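Number of protein chains: 2
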Amino acid sequence: MTAAEAPDAHLPAAGPPRVDLLFEPGGRRVRVPAGVTVFDAASWNGIGIDSTCGGHGTCKKCRVRIVDGAATPSSVDIRAFSPDELRLGWRLACRADAASDAVVEVPPLVTRPKAATVGVGRRVILRPAVQKRYLELGEPSLADQRSDLERILDALDDLELRADLHAVRVAGRVLRAADYLVTAVIVDDVLIDVQPGDTTALSYGIAFDLGTTTVVATLLDLSTGTPVAVASALNAQQPFGADVITRISAAMLDPSTLGKLTELAHSTLAALAAEVCAEARVDPADVYEIALAGNATMTHIALGIDPEPLGVAPFILAARLLPEVLAADLGVAVHPRARAVVFPPFGAYVGGDITAGLLASGMDRDARTRLFIDIGTNCEIVLGNRDWLLATAAPAGPAFEGAAIRCGMRAAEGAIEVVTMTPDSVSLRVIGDAEPAGLCGSGLVDAVTGLVRLGLLDSTGRFVSVEAAAALAPGLAGRLTTLGEERVFVLHWLGEQGDVARSVYLTQRDVRELQFAKAAIATGWRILLEEAGLAAGDIQQVLLAGSFGSYLSPGNAVRLGLVPDVPVPRIVSAGNVAGEGAKMALLSVRERAAGLALLEEVRYVELSDRADFNDRFIDQLAFPSFAG
Amino acid sequence: MTAAEAPDAHLPAAGPPRVDLLFEPGGRRVRVPAGVTVFDAASWNGIGIDSTCGGHGTCKKCRVRIVDGAATPSSVDIRAFSPDELRLGWRLACRADAASDAVVEVPPLVTRPKAATVGVGRRVILRPAVQKRYLELGEPSLADQRSDLERILDALDDLELRADLHAVRVAGRVLRAADYLVTAVIVDDVLIDVQPGDTTALSYGIAFDLGTTTVVATLLDLSTGTPVAVASALNAQQPFGADVITRISAAMLDPSTLGKLTELAHSTLAALAAEVCAEARVDPADVYEIALAGNATMTHIALGIDPEPLGVAPFILAARLLPEVLAADLGVAVHPRARAVVFPPFGAYVGGDITAGLLASGMDRDARTRLFIDIGTNCEIVLGNRDWLLATAAPAGPAFEGAAIRCGMRAAEGAIEVVTMTPDSVSLRVIGDAEPAGLCGSGLVDAVTGLVRLGLLDSTGRFVSVEAAAALAPGLAGRLTTLGEERVFVLHWLGEQGDVARSVYLTQRDVRELQFAKAAIATGWRILLEEAGLAAGDIQQVLLAGSFGSYLSPGNAVRLGLVPDVPVPRIVSAGNVAGEGAKMALLSVRERAAGLALLEEVRYVELSDRADFNDRFIDQLAFPSFAG
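These protein sequences, in sequence, are chains A and U.
Start counting the first sequence at 278; every next residue gets the next number (my numbering).
Start counting the second sequence at 278; every next residue gets the next number (my numbering).
If you're looking for bench data, these hints aren't it; they were derived computationally from the structure.
These numbers were taken from a predicted model, which means no experiment stands behind them.
Do not rely on the hints blindly, as some may be mistaken.
Same chains, same names: a pair is fine if it fits in one copy or spans any two.
Claimed, not checked - With a Cα cut of at most 20 Å, we get these calculated SDA-like pairs of lysine to any residue:
hint, residue 1, residue 2
1, Lys391, Arg786
2, Lys537, Val447
3, Lys537, Asp374
4, Lys537, Asp520
5, Lys537, Arg450
6, Lys338, Asp498
7, Lys391, Gly303
Please model the complete structure; the sequences and the hints are all you need to start from.
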């Protein structure tokens, strides 16, 4: 069999080649990009290996035996093992690159690792960047004149740390006031604080999902992995526009607007941080790290970076890999030297929220070929499995956010979220069981699907004549009427029947908006399937991300052609995966590294410069025809 | 010959062993600690080797041929050279460790390196941490969607940089406003700014000598190495005490004092920075780095660190290696992301000013055995050569600063700086040619030496009887009188002769103060000589550092026993070596690294816990007897 005949030969080459590792005992087989360390490969797949230094090669505890495929010993291995052990394949997992397929024997764990379940059923072994260490230090003397900082760092010699000026400022007084019994607070490789006594039990982080519309904060106890408080709020930037494009435009029109938008992002984050801390009775000074997942525009603005180049061709990010940021740089008043992990974007329209979402859904580690769709004004689509990932962004327009729909609204109280139609009746489910006030994205999809299925909308998306409607669905014909010059379908009469203007209705133009959105999204995933040489039937799971995904009826999404034609049980609402990814980053430096690695592993397919995009888009405008 | 018989076998082992490198053509032979790179060894000795990356192994320009003693090729060498070249001994100088004696051939320079003379006649090849690079970048397109930051960093691929948030914030607007013709501002490995157009000519640094009494600022043009403005001011902390101990005590008595002292240090530095920039018409925003050399107490306070542990046994520093600091952390308003290099201290009483002074005087590179003495309230003494260095601190007390001397004053206008005595007359030289107002340290030494030489003070330091004085020095006997119960010698009558209280005079207690100071210092260098197994005659040069050193009469310093008995021409005033060291750190990252390396190479000899210190101190109290 030549390479060209290999079963996967038609698949796109994205990122480095993959290798298979078989972990024993247990027989777990994992597939990872060649070149990651055995330690990372295990950790990313929830397989515990002893370590206290977190993979820096200093604690020498992550001993494994590589039975088959052992690599050249590293300089650290040579010091850690005897020549006999080296010959038998013993290596430090953190220094052994997975260069080729191998079998790895893991000794029984000395310490059972703590783990938490986050994301889409992901088991994450706790290894936060935040570490607290209680130290009982000897007092200095003329025979031991080490500086205060050296005294502390010498007691942490399994880590290679540098100190923050803040820690050096407080160290002297704290050491002497606490009789040299202190807790060192470390984030990554930085000593950020020294506290009197044993404060190791108090260690928190806040995960933020910074959405254009809604911002969610989760306070995590980093020592247990447990969320202890959650709060959400509307993004205070709302007055500057409902979507990213209007906010970018606002910043372009008036140079002073960027500063205001940044301040509003900060005040939203700060208020939520205060709220979750108050709810859980946690001192904000015990929050040592925050993580932020948002789209590229929200992330740029929160960091005080002009988003204008994101909004105009050729759609350029200020930076993919973001610089080191403090929580204070984002206006969040927690520990003064707390760090901020900001999820990096792939591109202007596939942002850090998607990086976080892919991490949370394990797209890069699952053997199944899956399609990840985050539906919104901008729709991000990722197709792939642990061997390859393709991503694109489709300009869906504002149909699903409600903005361009005449009676549209966000998925909030009063929004019609489910519409069920028969030829005789329309039944509605309304969020909060309230009087219907408008139509949210999932209701829109249901309503249009119902009308297409009953034949009241033809396959080009046009309302049929009143006569045809009366024949097809006698009980609904009265709802198909006009408002001014436009044809509309009334979903719910508010006030007197016949007073169309005061009812909740669907217009011909609304249908067109949905057609455009659906066509853009369907073109996006079709192009990705084609790039991968796959058909819709090859997709083993469709993950619908975000709040829209949780409301959408999978059946109707398939009927409308919004998602590929796969069996309905394969369509799964993944929930707020961006927020889950942010939590994972706080709970594990390994997961954080995996999130960064995604930037290299995902190949981005740009739609806007494809010659065939418009043709294919027009092909997708039509609705499928239903047999009844 | 056994090791014990080798000529240097009695010398103290301090720091790593040394190796000899012979650079060809030119035949310069240098001796450096084993393990430093060939590039550093050359650079520290003013020998130029091509390089643009500054020794990171990325530019691959520092090609040298190691004729004899070639080391194993590094992984970078293997990519940079052909197997034939490797066999011939070609290596990258920045990756080749000087492990043993070797001959190094340096190809002719492609670019003639700029150099400046600073310190005690040191030729420094310019390689500031601050680098500006003018970039002409391509505009982005749909085919080239690299982020703004990637576009800039790709054009700087001979450096391995990370970006500061500030640079990412400004990059987008600057790139677009300047048609992608920009200047990148880099400090060390951090991109701190992006500026429109070509601003490479504007690059400045400020070197600060932060003294307890006086603070000096020098504005340096980093592109030429030229000082463009100098200013000095009294340290605004003066109201809290004249010396470090009184300032530490002030901070101990009232916890709010530390904040005030820090603020006063900052305001002194800030005012001087503003002054030198205004004088040279330099925009403070074009100052990208500052360097600070000061004693441990001044440095701690300037960084906002409690100095209390420095002032009480066992004399503990907050940190030897200080954390990364911004100019803003020291209150200096220059470029908002400018860095600060703070010279690290050896110990509580051998501070960063001494580190800087040793660097400037080249103590660690000179073949001659030299004695470095910085006389002040605390006297720092370093003995050694390029093979070994010993340091100690002697508690000289405030005699030389004028504080404990009845008519004492700082070396300022009106201070008697030189006193010449014959049996018949006293002649004085006064700073600023003014009416004498008091006696500074050098005048004190002269006066006491003169009195001892004439026999008016006996070898125990007591004034002789009036009768004996009249016999020995008839013309001066009228000056030896009493004030209250104390015997005094009048140096200059102010107002009417006979009105002792209004004259400038020397008291018996003043003589005692000088005896104590002299005994402490002499005990210090004697103990160092003994540790090194050397005699005074082995000292080839005595360097007197600081302003006191420039006023002191070398002859009298020898006569009094303050410095070892060496021929007077070997005693050299080294001037403000702390400030010179700070300049060197700004002009060359190599010199900065050499300054850090000193911390490892100097062995500190603690006097306060030596059982024999008091005995030896008492031995040194006596004055030498003179033959006329």
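Comparing the hints with the structure gives:
Neither within a single protomer nor between protomers do Lys391 and Arg786 lie at most 20 Å apart by alpha-carbon distance, with minima of 54 Å and 71 Å respectively. With identical chains, the CA atoms of Lys537 and Val447 are at most 20 Å apart between copies only, with a shortest distance of 17 Å across copies and 35 Å within one. When the C-alpha separation of Lys537 and Asp374 is checked against a cutoff of 20 Å, the pair qualifies neither within a copy, at 47 Å, nor between copies, at 54 Å. Only within a single protomer do Lys537 and Asp520 lie at most 20 Å apart by alpha-carbon distance; the minimum there is 16 Å, versus 49 Å between protomers.
For the homomeric pair Lys537 and Arg450, the shortest alpha-carbon distance between copies (17 Å) is at most 20 Å, but the shortest distance inside one copy (40 Å) is not. In this homomeric assembly, Lys338 and Asp498 never come within 20 Å of each other (Cα to Cα): the closest approach is 26 Å inside a single copy and 51 Å across copies. For a Cα distance limit of 20 Å, the shortest separation of Lys391 from Gly303 inside one copy, 18 Å, qualifies, whereas the shortest one across copies, 64 Å, does not.
The structure fails hints 1, 3 and 6 (numbered hints given earlier, in ascending order).
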